[in-house]
Amino acid sequence: MNATLTVFLKEVRENLRDRRTITSALVMGPLLGPFLFVMLMNVIINKQLDKAEKPLKVPVIGAQRAPNLVHALEQYGLVVEPAIQHPEAAVKQQLADVVLRIPASYPKAWNKGDPAQVEVIYDASRRDADTPVKRVKAMLEQYSRTQGAIRLLARGLSPAVSTPVVVAQRDQSTPQSRAGQLFAFMPYFFVVGVFIGGMYLAIDLTAGERERKSLEPLFVNPVARWRILLGKLGATAAFATASLVLSLVAFHLAGYILPTDKLGMSIDLGLGFAGTVLLLMLPLAALFASLQTLVSAFAKSYREAQTYLSILMLLPMLPSMILSFTPVKATNWMYAVPLLGQQLGITELLRGGSVTAVQVALVLVSGFLAALVAVLVTVRVYGSERLAISA
Amino acid sequence: MIEVKDLHKTFGEVKAVDGVSFSARDGEITGLLGPNGAGKTTTLRMLYTLMSPDRGQVLVDGIDPASDPVAVRKRLGVLPDAHGLYKRLTARENIDYFGRLQGMDEALIAQRREELIEALGMGDFAARRTEGFSQGQRVKTAIARALVHGPDHVILDEPTNGLDVMATRAMRAFMRKLRDEGKCVLFSSHIMQEVAALCDRIVVIAHGRVAADASPDQLREQTGESNLEDAFVKIIGTEEGLAA
Chain A
269 MNATLTVFLK EVRENLRDRR TITSALVMGP LLGPFLFVML MNVIINKQLD
319 KAEKPLKVPV IGAQRAPNLV HALEQYGLVV EPAIQHPEAA VKQQLADVVL
369 RIPASYPKAW NKGDPAQVEV IYDASRRDAD TPVKRVKAML EQYSRTQGAI
419 RLLARGLSPA VSTPVVVAQR DQSTPQSRAG QLFAFMPYFF VVGVFIGGMY
469 LAIDLTAGER ERKSLEPLFV NPVARWRILL GKLGATAAFA TASLVLSLVA
519 FHLAGYILPT DKLGMSIDLG LGFAGTVLLL MLPLAALFAS LQTLVSAFAK
569 SYREAQTYLS ILMLLPMLPS MILSFTPVKA TNWMYAVPLL GQQLGITELL
619 RGGSVTAVQV ALVLVSGFLA ALVAVLVTVR VYGSERLAIS A
Chain B
23 MIEVKDLHKT FGEVKAVDGV SFSARDGEIT GLLGPNGAGK TTTLRMLYTL
73 MSPDRGQVLV DGIDPASDPV AVRKRLGVLP DAHGLYKRLT ARENIDYFGR
123 LQGMDEALIA QRREELIEAL GMGDFAARRT EGFSQGQRVK TAIARALVHG
173 PDHVILDEPT NGLDVMATRA MRAFMRKLRD EGKCVLFSSH IMQEVAALCD
223 RIVVIAHGRV AADASPDQLR EQTGESNLED AFVKIIGTEE GLAA
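Listed in order, the protein sequences are those of chains A and B.
Heads up: take any position in the first sequence, counting from 1, add 268, and you land on the numbering used here.
Heads up: take any position in the second sequence, counting from 1, add 22, and you land on the numbering used here.
In isolation and in its complexed conformation, chain A is listed as follows (with noise of 0.2 Å):
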């Protein structure tokens, strides 16, 4: 038998054994990016849906002062809830969202025909504010407008007269689009299930075993070291690979639990989907395998290639974190650009549009590019006298 398919056979069937590798590569790696994903989008699923529904209680201070604009406020959903005191501590301890205050110059602004001000206090950085601050805008707007109109028409004008521009929005986004945004951060998930997949094995294989002192009767036998490591780098991206398509599956099924629908958006995770990413992402499966290889044959010893590979993680997170800050528009040569255009296809994938034939091939050719050169340096350091040394 081929000495490279008995060393894939004979670590696959051992990492098959350890309860850690199983764990690693096909349990927590593959489903812990989906656990986290449908926790997730459930609470902000959740928490959209209930402030956007949900009557509106707001502290007003000051409601006696303008009983119209109250009566106005109430009519259009809003509950006034009494009076608190010193309002802007109560929002920046998170208290009261947002509160309502209406000055006591409010009444003979308002008797003069002068602009009245009522003042709405909140926190900006509140995120999840962001909603009912909205909303009480929204109505004192629309309180606003309605009392100018009838303030035109009562002194014989059209209300026309002061809306000399009306905007329309035409809004291009699809339901799936509006999901994909909010989805942006999936492809890193599938990066790291591929990464975390292998790298156990890829510790085990080369640290692991030089720590166990077997590294050195395995390399008296009469078989080229490069056949001995493209074996082990097989069994690596294998891992890898299963890890992948186990969290794919995850993902398809956490589809079908998600309500999307309710907040006018949809996603598609359905098998076109799945076999687009597996494509994809198969040369990172490769890349990866060699990376953590090289790191690890580097390290002394098993906790030192773990220390290496965790700061190794980060790296894929990079294209991640920098799309998500300031989104670019993909061009074709991103494509060419490993991890970049993973990330890219994904994403465009998530948001409904479709990855063409180019841009395939162009992640293929240049991802497998990248696994190679990799793959030969680990050749190379491979081969090294040191290697097989264990103490």
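Worth flagging that the hints you see were computed from the coordinates, not collected in a lab.
Yeah, the Cβ is synthetic: ideal placement off N, Cα and C, and Gly gets one too.
Just so you know, not all the hints are guaranteed correct.
Stated by the list, open to error - Some residues of chain A that are not near chain B, with every Cβ distance over 10 Å (derived):
{"no.": "1", "residue": "PRO323"}
{"no.": "2", "residue": "ALA340"}
{"no.": "3", "residue": "ARG419"}
{"no.": "4", "residue": "GLY424"}
{"no.": "5", "residue": "ALA522"}
{"no.": "6", "residue": "LEU580"}
{"no.": "7", "residue": "MET585"}
{"no.": "8", "residue": "LEU630"}
Unchecked claim - If the Cβ cut is set under 8 Å, some of the chain A residues that face chain B in the computed set are:
{"no.": "9", "residue": "THR274"}
{"no.": "10", "residue": "LYS278"}
{"no.": "11", "residue": "VAL280"}
{"no.": "12", "residue": "GLU282"}
{"no.": "13", "residue": "ASP286"}
{"no.": "14", "residue": "ARG287"}
{"no.": "15", "residue": "ARG288"}
{"no.": "16", "residue": "GLU484"}
{"no.": "17", "residue": "PHE487"}
{"no.": "18", "residue": "ASN489"}
{"no.": "19", "residue": "ALA492"}
{"no.": "20", "residue": "LEU632"}
{"no.": "21", "residue": "GLU653"}
{"no.": "22", "residue": "ALA656"}
Unchecked claim - Residues on chain A that point at chain B, a partial pick, calculated with CB under 7 Å:
{"no.": "23", "residue": "ARG285"}
{"no.": "24", "residue": "ARG480"}
{"no.": "25", "residue": "LYS481"}
{"no.": "26", "residue": "SER482"}
{"no.": "27", "residue": "VAL488"}
{"no.": "28", "residue": "VAL491"}
Dock chain B against the given chain A, drawing on the hints supplied.
Relative to the frame of chain A, chain B by itself:
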């Protein structure tokens, strides 16, 4: 037949091996005796192609590992100083793995494996995973694994290290059996009594050089000591790093 000619190996400033030459003949047990740190392991590592010498040459049946390492490794059965097993595999699976890496077919592997299990007395534990094996069980498994392809040359680095009396006796008997089968057996040790009891030929190494290379009788004659242990100490110049 293993021939070693003027081997040199330096690690940084340290001259680990500094001009070692000897030969180990078929049908003989050759012992490398020397204190800890004398360069025995490094010499053996150059022999079984894990390291390449800075200078000098190794020949196994006339083949130089520098030009064809794989052919040399095919002829060698090696028990290195570090002989870790795969603890999640059974003893049998450990042996089979190396048999397959040697390129043997499954039927031959099974036959050789069972012969070795019999010869080494491993029947009780061969089906168990090697995690939790005693030192003796581990060494036996490692030897079976190293010899599954029936090599003509057997290299053992400190094979009795850490073994109890019974296991040591079994190991020595096994080495004699290999010799009687006509194999070239080369082993290293820092235990004088062991080398004296086993070897047809003794190569004494100290400070990276060969201090003596002779049969036990010749060594006694050369030094004028009737006791081999005294002869060793006289040759090396110190008792440090040796064990009776």
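A quick look at each hint next to the structure:
no.: 1; hint: PRO323; in the structure: 62 Å, holds
no.: 2; hint: ALA340; in the structure: 74 Å, holds
no.: 3; hint: ARG419; in the structure: 85 Å, holds
no.: 4; hint: GLY424; in the structure: 93 Å, holds
no.: 5; hint: ALA522; in the structure: 33 Å, holds
no.: 6; hint: LEU580; in the structure: 26 Å, holds
no.: 7; hint: MET585; in the structure: 33 Å, holds
no.: 8; hint: LEU630; in the structure: 39 Å, holds
no.: 9; hint: THR274; in the structure: 4 Å, holds
no.: 10; hint: LYS278; in the structure: 5 Å, holds
no.: 11; hint: VAL280; in the structure: 12 Å, violated
no.: 12; hint: GLU282; in the structure: 5 Å, holds
no.: 13; hint: ASP286; in the structure: 6 Å, holds
no.: 14; hint: ARG287; in the structure: 10 Å, violated
no.: 15; hint: ARG288; in the structure: 11 Å, violated
no.: 16; hint: GLU484; in the structure: 5 Å, holds
no.: 17; hint: PHE487; in the structure: 6 Å, holds
no.: 18; hint: ASN489; in the structure: 4 Å, holds
no.: 19; hint: ALA492; in the structure: 7 Å, holds
no.: 20; hint: LEU632; in the structure: 33 Å, violated
no.: 21; hint: GLU653; in the structure: 5 Å, holds
no.: 22; hint: ALA656; in the structure: 6 Å, holds
no.: 23; hint: ARG285; in the structure: 4 Å, holds
no.: 24; hint: ARG480; in the structure: 4 Å, holds
no.: 25; hint: LYS481; in the structure: 3 Å, holds
no.: 26; hint: SER482; in the structure: 4 Å, holds
no.: 27; hint: VAL488; in the structure: 4 Å, holds
no.: 28; hint: VAL491; in the structure: 5 Å, holds
Hints 11, 14, 15 and 20 from the earlier list are contradicted by this structure; the remaining hints agree with it.
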